[in-house]
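J.: Residue-level listing of the chains:
Number of protein chains: 2
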Amino acid sequence: MTKQRGQVVIDKILDTADRLFYNQGYNSTGINQVIEESDIAKASLYKHFESKTDLMVAYLQRFHQGWFARLEAYVARVADPKLKLLAVLDYHRERQQLREYGGCPFIKANNEAGMSDTRILSEIQNAKARVKKFIGKLVAKSGHRKILTNKELTETIFLMTEGGVVAASVFKKPADLQAAKKIIQKLI
Amino acid sequence: MTKQRGQVVIDKILDTADRLFYNQGYNSTGINQVIEESDIAKASLYKHFESKTDLMVAYLQRFHQGWFARLEAYVARVADPKLKLLAVLDYHRERQQLREYGGCPFIKANNEAGMSDTRILSEIQNAKARVKKFIGKLVAKSGHRKILTNKELTETIFLMTEGGVVAASVFKKPADLQAAKKIIQKLI
DNA sequence: ACTTAAATAGACAACTTTGTCTATTTATTT
DNA sequence: AAATAAATAGACAAAGTTGTCTATTTAAGT
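Top to bottom, those sequences are chains A and B. The first sequence maps to residues 0 to 187 in numbering that gives the first Met the number 0. The second sequence maps to residues 0 to 187 in numbering that gives the first Met the number 0.
One should not assume that every hint holds.
Capping the alpha-carbon separation at 20 Å, the derived lysine to aspartate or glutamate pairs in EDC-like fashion look like this [as the list claims (entries may be wrong)]:
#1 185(B) x 79(B)
#2 185(A) x 151(B)
#3 185(B) x 151(A)
#4 172(A) x 79(B)
#5 181(B) x 151(A)
#6 145(B) x 36(A)
#7 83(B) x 99(B)
#8 171(B) x 116(A)
#9 51(A) x 151(A)
#10 172(B) x 116(A)
#11 172(B) x 151(A)
#12 172(A) x 116(B)
#13 46(B) x 36(B)
#14 145(A) x 151(B)
#15 171(A) x 116(B)
#16 181(A) x 151(B)
Quick caveat, the hints were computed from the structure, so don't treat them as lab data.
Can you build the whole structure from these sequences, using the hints too?
T.: As structure tokens, then:
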């Protein structure tokens, strides 16, 4: 079962969209640049995606799936239930370093294109709610010290992660995400 | 000492820029819309600001000053040193409600125009560093329970505030900022 | 090999973008 | 009241935007 012709084109487009939308922003990236750097024809793009907004939605959905799958795999490799919680912080730090502190793709999308299409906001809410739920499950099994309730600890890890990514993207270094990890370590 | 002619124009422009850049984004706001809604001529804008980027920088600097002054005044009205810490959370929640959960203006600017001009990133870093320092001073005088060190508590409040604003702007409700307040309350 | 489907290059329309420039009107200051 | 400075309306250039359409080439399935 080899890849179909259309899927190759779609993948090339989405790879380029991912890179450009993230690195230079949705509004600063023109369709012409997407097709040039994808090495495909303009008509091909508009055969697979009705509009630029549609491309944005597809990019977000695909990114969401890949990103979350990597998070689950990253945490699964850790055995200790408390260390699993810290792995969530490590994952975010590693990703931000890889992305050169460009910030969270969902938040960027929310800030730039959030108002135009409800599907975009929906996808972002899905992604964030899913992470929070994931953290919640890890907290429940962690056997933490109960300085905070399960719900509170979940919220704390979630918010400090979000805040840490924001701070890392402002100061262009991992310090805040590392500090967050140490604090969580103390609280569990 | 009444306002000079030029200053009135500058204020009108910056008021409009503030509103439009925040509500619809920097890249989605054209110079033509700014001059129309400011009720000024295009040549007037370009007499006071060299370029659109210059206008963005000026908007961020002015917003930074006003926002921080309001924060200081808001916290100063609270007497109890521990409640001052919680007031920081309240201030962010109130502001986000007023702004209809549009998120943090600095983060939005960072995501959208951060790469184009170093002055923009600088201004954002200034603002965030200043808030963190401000929280640090409040923590030092708070007489908190020392579950966390001063530095750790400062970082925690800072990150949960940033994360709370992000979460509020994603879910379009104040729940996460309110949850953050309760958790901080427990930790001090 | 032949037919059907898909991808291509690129011209084009219609519109928007930032920034400049001119000619005119409105304030302010001496 | 005359001179100086500032703001105005709006045309304009040059480039960029999304999206459509045609004519041609390439690949796949039977």
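J.: If a hint holds in the structure, say so; if it does not, say that too.
T.: Quick rundown of the hints versus the structure:
1. 185(B) x 79(B): holds (16 Å)
2. 185(A) x 151(B): holds (10 Å)
3. 185(B) x 151(A): holds (10 Å)
4. 172(A) x 79(B): Violated: residue 172(A) and residue 79(B) sit about 35 Å apart, past 20 Å.
5. 181(B) x 151(A): holds (9 Å)
6. 145(B) x 36(A): violated (54 Å)
7. 83(B) x 99(B): violated (24 Å)
8. 171(B) x 116(A): Measuring from Cα to Cα gives roughly 15 Å; hence the hint holds.
9. 51(A) x 151(A): violated (40 Å)
10. 172(B) x 116(A): Satisfied, since the Cα-Cα distance of roughly 19 Å is no more than 20 Å.
11. 172(B) x 151(A): OK: residue 172(B) and residue 151(A) at ~18 Å, within 20 Å.
12. 172(A) x 116(B): holds (19 Å)
13. 46(B) x 36(B): Judged against 20 Å, a Cα distance of about 17 Å means the pair holds.
14. 145(A) x 151(B): holds (19 Å)
15. 171(A) x 116(B): holds (15 Å)
16. 181(A) x 151(B): holds (9 Å)
Taken one by one, the earlier hints fail for this structure at numbers 4, 6, 7, 9, listed in ascending order.
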